[in-house]
Structures are given as structure tokens and as C-alpha cells.
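A.B. asks: Using the sequences and the hints given, assemble the complete structure.
2 protein chains.
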Amino acid sequence: MNKAVILLSGGMDSATTLAVAKSEKYECFALSFRYAQSNSSELTCAKKIAASIKVKKHLIFDLDLSQIGGSAMTDNIEIPKNRTDIDNVKTEIPVTYVPARNIIFLSLALSWAETLNTQHIFIGVNVQDYSGYPDCRDEFIKAFEKTANIGTKAGISGSEFHIHTPLINLSKAEIIKKGIQLGVDFRDTLSCYDPSPDGKACGKCDSCLLRKKGFREAGIKDPTLYKE
Amino acid sequence: MNKAVILLSGGMDSATTLAVAKSEKYECFALSFRYAQSNSSELTCAKKIAASIKVKKHLIFDLDLSQIGGSAMTDNIEIPKNRTDIDNVKTEIPVTYVPARNIIFLSLALSWAETLNTQHIFIGVNVQDYSGYPDCRDEFIKAFEKTANIGTKAGISGSEFHIHTPLINLSKAEIIKKGIQLGVDFRDTLSCYDPSPDGKACGKCDSCLLRKKGFREAGIKDPTLYKE
Chain A
1 MNKAVILLSG GMDSATTLAV AKSEKYECFA LSFRYAQSNS SELTCAKKIA ASIKVKKHLI
61 FDLDLSQIGG SAMTDNIEIP KNRTDIDNVK TEIPVTYVPA RNIIFLSLAL SWAETLNTQH
121 IFIGVNVQDY SGYPDCRDEF IKAFEKTANI GTKAGISGSE FHIHTPLINL SKAEIIKKGI
181 QLGVDFRDTL SCYDPSPDGK ACGKCDSCLL RKKGFREAGI KDPTLYKE
Chain B
1 MNKAVILLSG GMDSATTLAV AKSEKYECFA LSFRYAQSNS SELTCAKKIA ASIKVKKHLI
61 FDLDLSQIGG SAMTDNIEIP KNRTDIDNVK TEIPVTYVPA RNIIFLSLAL SWAETLNTQH
121 IFIGVNVQDY SGYPDCRDEF IKAFEKTANI GTKAGISGSE FHIHTPLINL SKAEIIKKGI
181 QLGVDFRDTL SCYDPSPDGK ACGKCDSCLL RKKGFREAGI KDPTLYKE
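Keeping their order, the protein sequence lines are chains A and B.
Quick note on numbering: the first sequence equals residues 1 to 228 in our numbering.
Quick note on numbering: the second sequence equals residues 1 to 228 in our numbering.
Watch out, some of these pointers could steer you wrong.
[Said to hold, decoys possible] For the chain B half of the interface with chain A, some residues (derived, Cβ under 10 Å), not all of them:
1. I60
2. D62
3. L65
4. P99
5. A100
6. I104
7. L106
8. P134
9. S157
10. C202
11. F215
[Unchecked claim] Residues from chain A that face chain B, not an exhaustive set, calculated with beta carbons under 7 Å:
12. Q67
13. T115
14. N117
15. A143
16. T147
17. K153
Think of the hints as simulated: they come from the structure by calculation, not from any bench.
Cβ atoms here follow ideal geometry from the backbone N, Cα and C, with glycine treated the same way.
C.D. replies: Encoded structure:
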């Protein structure tokens, strides 16, 4: 049985990605980060998902990115609400962008993968709804893969790292359909950038708006608990 | 005045690298990691060096890599001593290799650089004495640079990140001469993989052997405090 490290934020994309890895018969090692995110309730979700999908191990790695700062996700920058131009998220970089976040997360996933002696890493990046984030594009993933293969003992010893991105070209609606098909309980996922302390979604931030739109387009009832 | 982020371990290479950045008139932001390294006295050295070279800021980032494990530097794996074939360090990967360490460190340096709005990162990698480490080679640095330029907001907005590696082709003896010329006090640096609790070098690990050899070849008296 091949092992795989799966980045698991607790959102719907990473939950679906984990379900894909499981369905492809990988022994799953889920990796989450306690990175001083304002929405730490997503870690509660990550734990529920890891348990329900039965991972071999779930590592919550302490990584306080507020030591560096520079984003609405870790600093006190206001998160945009109720945008009427939600489709334009596709072309601009939101204030919720965390500098080099996916490079950092993938580096740690790579380190764990090398330690576990596996070459398989899964990440739920997706260009359709988030092309505003430079580190969600296939071009970036390919460049990182190359760096990993040049810069690690395993890589230069002939093991080729593969960063799996099963959702990269799917729309939110398609991700939702795939997740449902693989048994993901989306009530256990949180996408909101600004949830209430008890983990309810705001329903107004970019991520909530995209999620609502996804369920609407998929023709599936949205099970998310919203504040109001 | 251009800003630069400089990776500063507290060893002689990173101290010299910082001195180079300073001599090139960068405003220096030094970045060290508290990564559960067995030789944490190198952080004491990093602080002394940062102070003597007068950096603008010295950030010691908490990053407990023992959460992942997999190296003699963070786990209880025995560190090799008194090798008679020290020159062969050039062709093999030592047990002190930390999986993907430089990728992780550079990712965090990149995140800080992006936050500081600068494109300059310095790292004291060096192929002469450490070609055994895959993540010390120029090919790796170039691949990382490309990943950074594709995967960050700054990178895709036209700012090109540059990873400076002023020591990459120097021998240990040449690094020592350059450091002395730039005023580095090597007594404040620690290269040892297994120092005593009060920060004295063992004199026997690969790193100590290479350091001793460097001073010998440079014809400079080694100021290092050894245990015996």
C-alpha cells in the first residue's frame, strides 16, 4: 500500500482531496497547520474529516505564521464581505493571500513525505475559483515538484516526487459533486475566512460566497451552518 | 537602501554571508530558526553575530521540525565522529541531512521577504564542502528561485526574487578569509553538530573536521573553543 501525505485545511477542497487519495487506495497521512489562522475552527473540522475518512495519522503541525505577518488571515486586516463581483476573484489577488503559504505548506509536506519514505503528496488547489492565488496554479505545482526532485536526498536518489492535484481543473460545483460521491460530509468542512467562535460560517466573505454558489450550481442543498 | 532577508544559522558560512550582504549595503533582516536542533547553542551565536553586524531585525522563528523527525539533527540518531575520510563528505549524503530543510527555510525567508516588500534573500550554501547535501547546490537554488517567482503575488506582479549565494563556489578556507576580511569574529560562530551544553565544539564531527581543515588551509589560527 502506497503512503501519501495530504494537506488538509478543513475546507471542502482539501476534504475532497483526502477522499480522492483514500479512494485511490493510498494509506493517508493528513497534515494540517496551526498557523495562527483567524479561523482556527477549521482545525476542528480537519480533525472530524481525518477521523471520518480514517487516515493512518493526522499531524497538526504548529507553525505560527503571525511571526512573519503580512495577510488578512493572520493579521488584523479587514476581510472583504458581500462582494457583488465575486466572479472577479478569478483575476485579482485577495487580501487573504498569505505570502508564500503553499510553498511553505508543501515544503513541510515534502519533508514529512521524505521521512515516511513516500513520493506522493496531495494538495487541493484549484484554479477555477482561485486563480487569484498564484500558488494554486499548475505551473507553480510543476515548478515546486522540480525543486523537490532536485533539492532532496530522495529526489536525487531516483525517487520522483509527485504532487497530486486532483481538483485543479474542477469548478466548485464539480468538487462538491465529487465529494458527495466519495462520501464526504460537507457539514464537517469550513471554508469561511471569518467564522464565529463556535465555528459557524459568516456567509459573506469571498470563500462563503463561492461555496454557496457551488452548491447552487451543483443543485445540492448547502448543509453549511451559517451565522444568520 | 534595499532590504534583504539573510538566513543565519550561527555557523561560519551564514555569518560570512550576512557580512557580505552588509558590505553590499543591504538593510539586513536576519532569519534564524528554533527548529529543535540538538545544537541550540548555535542560536546564541546567531544572536551575537546579528548584534555585531548590526542587522535591522533578527527574527528567531519557532519551527519545531521534530514534529516531523527523520534526521540526526532533530532525532536521537548518532552523529558520526572522527571520520578519517572527511573529504568523502563531498560525495555522500550525511545522516545529519534534515529532509527538505533548505526548502522549508527558504520558503519562510521568501514569505518574510514578500511581507517586507523586498526580492533579496541571502543563503550561505556552499557546494565545495557540502555537495553531499542536495539542497546546497546551485541547480536547487535556481529551481527554488523559479518556484518563488511563479508562486508568489510579488513574483507574478513583476518583482523577481533573487536568491543570493555569495559562498556557493568557495572553499572553507576561502570563506574564512572572506569573513576575516569583512570583520566576522569567528569565535562567535558555531559549526559543531554536537556541542557541549555551554556551547563548546566537539572537534570530531564532520562539521568540526571541515572547519579545522579550513582554518589550517587558510593559514589562520582557529579561534574555536573546543571541548578538549
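A.B. asks: Could you check if Q67 (chain A) really has its C-beta closer than 7 Å to a C-beta on chain B?
C.D. replies: holds, 5 Å
A.B. asks: Holds or violated: the hint that L65 (chain B) contacts chain A, with Cβ atoms closer than 10 Å.
C.D. replies: Nearest chain A Cβ about 7 Å off; hint holds.
A.B. asks: Tell me if the interface restraint on T115 (chain A) is satisfied: Cβ within less than 7 Å of some Cβ in chain B.
C.D. replies: Hint on T115 (chain A): holds, closest Cβ of chain B at ~3 Å, below 7 Å.
A.B. asks: Was the hint right that L106 (chain B) lines chain A, CB cutoff 10 Å?
C.D. replies: Hint holds; L106 (chain B) Cβ to chain A Cβ min 8 Å, cut 10 Å.
A.B. asks: Report holds or violated for the interface hint on N117 (chain A), using the least CB-CB distance to chain B and a cut-off of 7 Å.
C.D. replies: This hint is violated: N117 (chain A) lies away from chain B, its Cβ roughly 9 Å from the closest one there, beyond 7 Å.
A.B. asks: Report holds or violated for the interface hint on I104 (chain B), using the least CB-CB distance to chain A and a cut-off of 10 Å.
C.D. replies: holds, 4 Å
A.B. asks: With a cut-off of 10 Å on the beta carbons, see whether I60 (chain B) makes it to chain A.
C.D. replies: holds, 9 Å
A.B. asks: Mind checking the CB of A100 (chain B) against every CB in chain A and telling me if the closest is under 10 Å?
C.D. replies: holds, 4 Å
A.B. asks: Was the hint right that A143 (chain A) lines chain B, CB cutoff 7 Å?
C.D. replies: This hint holds: A143 (chain A) lies near chain B, its Cβ roughly 4 Å from the closest one there, short of 7 Å.
A.B. asks: Is the shortest C-beta separation between K153 (chain A) and chain B less than 7 Å?
C.D. replies: holds, 5 Å
A.B. asks: Let me know if the C-beta of D62 (chain B) comes in closer than 10 Å to any C-beta of chain A, holds or violated.
C.D. replies: holds, 6 Å
A.B. asks: Hold the hint about P99 (chain B) up to the distance rule: shortest CB distance to chain A must be less than 10 Å.
C.D. replies: holds, 4 Å
In summary, the numbered hints that this structure violates are 10, 11 and 14.
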